[in-house]
Amino acid sequence: MALEKKVNLGGRSIETVSAIYSQLGNAYFALRDFRKALEYHQYDLETAKLLDDRSGWAKASGNIGNTYKALGDFDNAYEHALVHLKLSRELNDKESEARALYNIGSIYHCRAKARIRSAAMHRDASNISLSVPSDRSATSELQAAISCYLQNLQIVEGTEDLAACGRTYGNIGNTYYMLGDYGTAAEYHSKRLEIARQFGDRAAMKRAYTNLGNAYIFLSQPAKALEYYRLALSMATELGDEVSEAQCCFSLGSGAAISGDFSTAAEFHTRHLKLARKLGDRCGESRACAALAEDYTELGESKKALYFYVLNVQIAAEVCALLKVTAAMTNSLTYGIEP
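1 is the number of the first residue of the sequence shown in full-length UniProt numbering; add one for each residue after it.
Quick caveat, the hints were computed from the structure, so don't treat them as lab data.
Among the clues, some could well be false.
Cross-link-like lysine-lysine pairs, in silico, DSBU-like; alpha carbons within 30 Å at most [said to hold, decoys possible]: (1) Lys86 / Lys36; (2) Lys49 / Lys113; (3) Lys86 / Lys113; (4) Lys113 / Lys224; (5) Lys49 / Lys86; (6) Lys191 / Lys224; (7) Lys94 / Lys49; (8) Lys113 / Lys36; (9) Lys278 / Lys113; (10) Lys304 / Lys274; (11) Lys94 / Lys113; (12) Lys278 / Lys303.
Fair warning: this is a prediction, and the values are worked out from it, not measured in the lab.
Using the sequences plus the hints, can you model the full thing?
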C-alpha cells in the first residue's frame with residue numbers, strides 16, 4: 001500500500017512514523033496552522049487504522065475533532081469526537097474518555113457561541129456580543145455542553161486530576177453564565193479560582209476573577225463585582241496583558257457607574273480609551289466614548305459629555321461600516337467553502 005511505503009520511508013517503523021505524524025500535527029496546531037495540523041492528524045489516523053491500534057485511533061480522532069473545532073467546522077469536529085468517545089469506552093480508558101467528553105462539551109459550547117454571535121450580527125452589526133441565548137438551538141447546545149462537562153468532571157474528580165478539574169469548572173461556569181444562571185456560574189468560577197491559586201496559574205486566576213466579577217454584576221452585587229475586577233486588573237497588569245487590562249478597566253468603569261460612582265467610572269473608562277487607542281481597537285474606543293458621554297452627563301459636565309457623544313457617533317459609523325463588510329465576507333466564505 002502507498003501508506004505503508006510512506007510510513008516506512010527511511011527505515012522507520014510504522015509505529016515511529018505514527019508518533020511523528022501526531023507530534024507534527026500537535027506542533028502545527030500550536031502554531032495555529034490548522035490545515036497543516038489536520039493533514040498530519042489524518043495521516044496519524046490512517047496509520048492507526050493500518051496497525052489496528054484502537055488506542056491510537058481514538059487519540060487521532062480526538063485530535064482531528066479538536067482541529068476541526070478550531071477551524072469552525074463543528075459537524076466534522078463532533079463526528080470525530082464521538083468516535084474518540086466510543087473507542088475510549090470500548091477500551092475502558094477512563095482518561096481518554098474524560099478527554100473525549102470534555103471535547104464534545106466544548107464543541108457544543110463553541111457552536112452555541114457561534115450561533116449567538118451570528119444572531120447578534122444579523123440583529124445589529126454594531127452590537128455583537130455574547131448574551132443569554134434567545135433561540136432554542138443555542139440553549140439546547142449549552143445544556144448538552146453542561147451534560148458532557150459534568151460527565152467529564154465525574155471522571156477527573158475521581159482521579160484527582162486537579163488541572164483537568166480546573167479547566168472543566170471554568171467551562172461549566174462560562175456555560176451557566178451564558179444560560180443566565182449567574183449564581184451557579186459563580187459557584188463554578190470560585191472552584192476554578194481555588195485550583196488556579198493552588199497551581200499559581202496567574203492567567204487562569206485573571207480569567208476567574210473576571211468571570212466572577214461578571215457574574216456578580218448580574219447578581220446585583222456591584223461591590224463584590226468591583227472587588228474581583230480590581231483583582232483581575234492587578235493580575236492583567238502583572239502579566240503585561242494590555243488587552244485584558246483594557247477589558248478590566250471597562251468593567252471597573254461600568255461597575256462603578258452601576259454603583260453611582262461616576263467619577264471613578266470616568267477614570268476607568270478614560271484608561272480603557274487610552275489602551276484601546278494604543279491597541280488600535282476601534283470598537284473599544286467607541287464603547288469607551290459612549291460610556292464617558294454617560295459618565296459626564298451624570299456628573300453634570302455637558303461639554304465633555306457632548307464631546308464624547310460626537311466622538312462615539314463618528315467612530316461607531318466607521319466600525320459599523322467595517323463590520324458590515326466583514327459580515328458580508330464571512331457569509332460569502334461560509335457558503336463558498338471548497339470541498
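Holds or violated: Lys49 and Lys113, Cα atoms, limit 30 Å. violated (34 Å)
Hinted pair, alpha-carbon criterion (30 Å max): Lys86, Lys113. Please report holds or violated. holds (26 Å)
Can you confirm whether the C-alpha distance between Lys94 and Lys113 stays at or below 30 Å? holds (28 Å)
Take a quick look at whether Lys49 and Lys86 sit within 30 Å of each other, Cα to Cα. holds (15 Å)
Decide if the proposed pair is consistent with the structure: Lys94 and Lys49, CA atoms, cutoff 30 Å inclusive. Since the Cα atoms of Lys94 and Lys49 sit roughly 21 Å apart, the hinted pair holds (cutoff 30 Å).
For the pair supplied as a hint, Lys86 and Lys36, confirm whether the alpha-carbon distance does not exceed 30 Å. Holds, at roughly 26 Å.
Given pair status - Lys36, Lys113, alpha carbons within 30 Å: holds (25 Å)
Check the hint pairing Lys304 with Lys274 against an upper bound of 30 Å on the C-alpha distance. Holds - the C-alpha atoms of Lys274 and Lys304 are around 16 Å apart, at most 30 Å.
Within 30 Å, alpha carbon to alpha carbon, are Lys278 and Lys303? holds (25 Å)
Does Lys191 pair with Lys224 here, judged by a C-alpha cut-off of 30 Å? holds (17 Å)
Lys278 and Lys113: Cα distance at most 30 Å? Answer holds: Lys278 to Lys113 is near 28 Å, not above 30 Å.
Satisfaction of hint between Lys224 and Lys113, Cα-Cα up to 30 Å: Between Lys113 and Lys224 the Cα gap is close to 27 Å, so the pair holds against 30 Å.
When each numbered hint is compared with the structure, a violation occurs for hint 2 only.
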